[in-house]
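> One letter stands for each residue in the lines below.
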Amino acid sequence: MDIFSGESKMKVKVLVRNPDDYLRETKRDIHKLPRNYDPALHPLEAPREYTRAMNAVKLERVFALPFIGSLDGHRDGLTCLGKHPDHLSWLYSGACDGELKLWDVAKRKIVYTVQAHDGFIRAMAFSQETSSLYTVGDDKLIKQWKAQELDGSDLKAPINTIVTRSMLTGISHHRSKPVMATCGEACNLWEHSRAQPIKTFQWGVDSLQSIKFNQVEENVIAACGSDRSIILYDMRESAPLRKVVLKMRSNSLCWNPMEAFVFTVANEDYNLYTFDMRNFASPINVHKDHVSAVIDVDYSPTGKEFVSASYDKTIRIYNSRQAHSRDIYHTSRMQRLTCAAWSLDDRFVYSGSDEMNIRIWKARAAEKLGVVKPREKTALRVNAKLVEKFAHHPAIKRIHRHRHVPSHVYNSRNELRNSRIAARRKEFNVRTHTKRQLPIIPEKAKVIVSEQQ
Amino acid sequence: MISSKAGTDKLKNKLRSPSKQNLRQKFKSKKDEHLLPKFKNKKPASNQNTFKSQKVHDEHLLPKSASNKNTFESQKHRLSHGKKLDLKKKGNVVKHATKPIARSEILLPEEVGFLEAGKGESTADITQVEIKSSVDITSATKQFDLSLQFGPYAINYLRNGRKMLIGGRMGHVAAFDWVTKELTCEMNVMESVHDVAWLHNETLFAVAQKNWTYIYDNQGIEVHCIKKLNNVLKMEYLPYHFLLATTNDSGTLSWLDVSIGKMVQRTHTHLGRLDVLCQNPSNAVLCCGHSKGTVSMWTPNFVSPVIKMLCHRQPVRSVAIDQTGRYMATSSVDSTLKVWDLRTYNCLQSYKLASGASNLTFSQRGLLAVSLGNIVEVYKGICTETVREPYIKHFVGNSISGLKFCPYEDVLGVGHARGMCSMLVPGAGEPNFDALEANPFQTKSQRTEAEVKSLLEKIQPELITLDPFELGEVNRQAVLEKWEEKTKYMFVKPPKVDLKPRKNAKTVNKFRIKQRLQQERQKKHSMVASEIKQNLVQNTIAPRKPESKPSVLDRFKTKTTKK
Chain R
1 MDIFSGESKM
11 KVKVLVRNPD
21 DYLRETKRDI
31 HKLPRNYDPA
41 LHPLEAPREY
51 TRAMNAVKLE
61 RVFALPFIGS
71 LDGHRDGLTC
81 LGKHPDHLSW
91 LYSGACDGEL
101 KLWDVAKRKI
111 VYTVQAHDGF
121 IRAMAFSQET
131 SSLYTVGDDK
141 LIKQWKAQEL
151 DGSDLKAPIN
161 TIVTRSMLTG
171 ISHHRSKPVM
181 ATCGEACNLW
191 EHSRAQPIKT
201 FQWGVDSLQS
211 IKFNQVEENV
221 IAACGSDRSI
231 ILYDMRESAP
241 LRKVVLKMRS
251 NSLCWNPMEA
261 FVFTVANEDY
271 NLYTFDMRNF
281 ASPINVHKDH
291 VSAVIDVDYS
301 PTGKEFVSAS
311 YDKTIRIYNS
321 RQAHSRDIYH
331 TSRMQRLTCA
341 AWSLDDRFVY
351 SGSDEMNIRI
361 WKARAAEKLG
371 VVKPREKTAL
381 RVNAKLVEKF
391 AHHPAIKRIH
401 RHRHVPSHVY
411 NSRNELRNSR
421 IAARRKEFNV
431 RTHTKRQLPI
441 IPEKAKVIVS
451 EQQ
Chain E
1 MISSKAGTDK
11 LKNKLRSPSK
21 QNLRQKFKSK
31 KDEHLLPKFK
41 NKKPASNQNT
51 FKSQKVHDEH
61 LLPKSASNKN
71 TFESQKHRLS
81 HGKKLDLKKK
91 GNVVKHATKP
101 IARSEILLPE
111 EVGFLEAGKG
121 ESTADITQVE
131 IKSSVDITSA
141 TKQFDLSLQF
151 GPYAINYLRN
161 GRKMLIGGRM
171 GHVAAFDWVT
181 KELTCEMNVM
191 ESVHDVAWLH
201 NETLFAVAQK
211 NWTYIYDNQG
221 IEVHCIKKLN
231 NVLKMEYLPY
241 HFLLATTNDS
251 GTLSWLDVSI
261 GKMVQRTHTH
271 LGRLDVLCQN
281 PSNAVLCCGH
291 SKGTVSMWTP
301 NFVSPVIKML
311 CHRQPVRSVA
321 IDQTGRYMAT
331 SSVDSTLKVW
341 DLRTYNCLQS
351 YKLASGASNL
361 TFSQRGLLAV
371 SLGNIVEVYK
381 GICTETVREP
391 YIKHFVGNSI
401 SGLKFCPYED
411 VLGVGHARGM
421 CSMLVPGAGE
431 PNFDALEANP
441 FQTKSQRTEA
451 EVKSLLEKIQ
461 PELITLDPFE
471 LGEVNRQAVL
481 EKWEEKTKYM
491 FVKPPKVDLK
501 PRKNAKTVNK
511 FRIKQRLQQE
521 RQKKHSMVAS
531 EIKQNLVQNT
541 IAPRKPESKP
551 SVLDRFKTKT
561 TKK
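Protein chains in written order, with full-length UniProt numbering: chain R, 1 to 453; chain E, 1 to 563.
Isolated chain R, as found in the complex (with noise of 0.2 Å):
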């Protein structure tokens, strides 16, 4: 309030707050909380966010129960899952004694069961208009089956049979054609109504285990072949692309559905590598962590982490360019996992084993299922952010990394520790006392042997 008073003319004002401004009016307002950002106010900046990190982290250990379902029901272990692309809840797994299971993920139960091949299943692909889902298995065939609403019709049958002359491992279908490919013997390119194969890629004697058409450039196939080797097909081409010969043989491989030209594989000498398609002089990443060989590889959705299923009885979850995974799931009852695969609406990772059973996980362990309010929301942002920003500091640290861990997998992981050192220092003693000059490979290239056209 300005006031003259007088002759003096002083002019004075004095802070004075009404409290109709700063209270709330009715019981049931919020509470009025007005803000003053100034740093004057906020003193103790540093201290007081890294305690809050710290609480962060703290919490997030607490809530890490990534644990939520098993799926039981096959009477011999798996030995592929598949991902209905348009319902969520639909989940397609395959057994060794040639059953085929739709689950109903959200309910936890069999829709139907289907007695597929008379040998293992060994892989399955969806076809491009989704409707039906293509299995191949040990007894040479490739069978269509409908993959639609469940409208009473009879789905005990198969749509289609396709009778093979050789061996078959794996199937992938092309994203809007409908073509499919089928790796075992040679790569052969089939489309659904013919009875032979329309194209047969060939390179070399060896058998391919695992193959997979890229989601984004629709006409690249890749496949994992039994000489250590990843070869690229073109559809359109006559011959295949290219082979990239590695140390060990790859299990399985994974695109990644947003990076156009980005694979991994899962690879036995325990461990991943993600290769970019036009350069194969050495990986973009190496993938460490795993103390057995590792089985299979799923990206996520969003292109940013994958799961690997490895014969060390554990799933690790990995962000796509980093050596290390960022969690580790495992029970004592899991045993050898044979498949894993990462849900399409990013929340889950479902593995299954020999064990006969199909786990589902969390992929984010401490995340909370159910409905998030939005303050609640903000809150577990805010403390995500935090972590990460913290994330260097040792004591934050060593917590945000500390998992539980088997004792078959501690221990294993500390002989392995040791025998690299010691593989590094003799590597080293080699190079300083030897006279002739050893080239200097960098660690990621180590494990390509060769290139060919």
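Quick list of the computed label-pair ranges, beta carbon to beta carbon:
1. E:112 <-> R:32: 16 to 24 Å
2. R:407 <-> E:514: 26 to 34 Å
3. E:203 <-> R:371: 31 to 39 Å
4. E:519 <-> R:248: 33 to 41 Å
5. E:224 <-> R:332: 47 to 55 Å
6. R:430 <-> E:519: 24 to 32 Å
7. E:92 <-> R:371: 30 to 38 Å
8. E:302 <-> R:326: 36 to 44 Å
9. E:519 <-> R:394: 20 to 28 Å
10. E:477 <-> R:241: 49 to 57 Å
11. R:218 <-> E:107: 49 to 57 Å
Mimicking SDA-like on lysine to any residue, the simulated pairs with C-alpha atoms at most 25 Å apart in a straight line are:
12. R:397 <-> E:453
13. E:458 <-> R:376
14. R:444 <-> R:209
15. E:444 <-> R:26
16. E:89 <-> R:324
17. R:11 <-> E:119
18. R:426 <-> E:486
Taking beta-carbon pairs under 8 Å as the criterion, some of the chain R residues facing chain E (in silico):
19. 19
20. 31
21. 34
22. 55
For the record, the hints were derived by calculation from the structure and aren't laboratory data.
Idealized CB from N, CA, C, for every residue including glycine.
Place chain E on chain R using the hints.
Leaving out everything else, chain E in the frame of chain R:
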């Protein structure tokens, strides 16, 4: 926040005292030469550098890529392409975060108070009565006098400026809402009371009584008697750490964690009776003034003072630090008042007062209140410029024992020998409070929620350092040390030790001797090994191409021949 300073070195530069020349330059243009320090030949602040490079509880490690030593070419490839973009983004975010904050300032509801005198008059001549008559009723009620007979009074305001605690030397303790004059509790503890302090909210307060410290409830019920805090003279509460800091008759500084009741640290200062204490609100460091004219700063992490400054020639009577933690005002018995810059530890201003200032306190907006015997003087802008006369003056009439500004209000509380007086100082308080820090309009439910939140965010005492932003900086020393250790032992196997023990040597001793010898040889060998490794790497990874002079015929060379 990432800077390349190594803590000790930079601070050493800062602590160098100003030369004679600098001082003269400062006062050259101004007419008040008499304000120059009397001891011209002596350096005004010979700062005893007892600051040690404080290693914070958690030393931070950089990813390898940012270490100084790693200059390999291949480092560039190691940074995966996603990371590089992230770093750039972060920098931009930090840069642009200031803009929306600056823009949101227009939303702040209140404005600062002011007092302007008419022509030819100065604000120092305006009395409290005049101010009181010129403002509205609610503000007028904020100016009041309490005449009590229980001895010189110490004052403490609650952090949100709502309630007030007064403690008289003869044992009178009262907590009340000073605006509505509503009494929360009042009692006489039947002992001498030296200081009173609110704890984290209005439910608890601490009273430093004759022998020990007592903690009372807001109803006046004694909750704790802390015998470890004995003969306490001054108390300060550190709000973000939940620490009650006290100074002792015998020169002991104690920090008590009031949330868990643990004594965090007790240091014997060996500097005599400590009756001058002040807290630096920006970094929670305690400041003590001593009878030798020195001011020392203490943290609970070190046994010796972190900073020791020689401020005056005579005993220091009072110390005050402003809210931003940049300026410190000290006064001594020889009637001098000095303003210091707390980053460079230089004396910015030096004044001669009418008498020795017994109490000093800063307001939220940088006003300094000085008590000289019976009179209170408030100075405006004393830190940034040389001030000639006070902003406001008030004759209290009794010797002043306590002086505190009320947070978020334009009010100064004065405790004196015959009670207390609350005076209006326009422009002293911060007009816009942040409700998540301190809310004067806090309801009970908000108070309980705030208590829980602040307990969760309680800062550990190990993190109290002189520079509060040190936690966000890179500890290059630790990274280098770690890298060095790695290179020492990583790649080369140390040579085996052939040991022929003495005949009578026991197996345990044999083993120990062997170990010791092995370690010694390891160390020697590692120096050689790391050198070899460095040379090897430099020569092979980045082979030096023979530099060929550019010639005219270069343009005829094809790509392959150029290589």
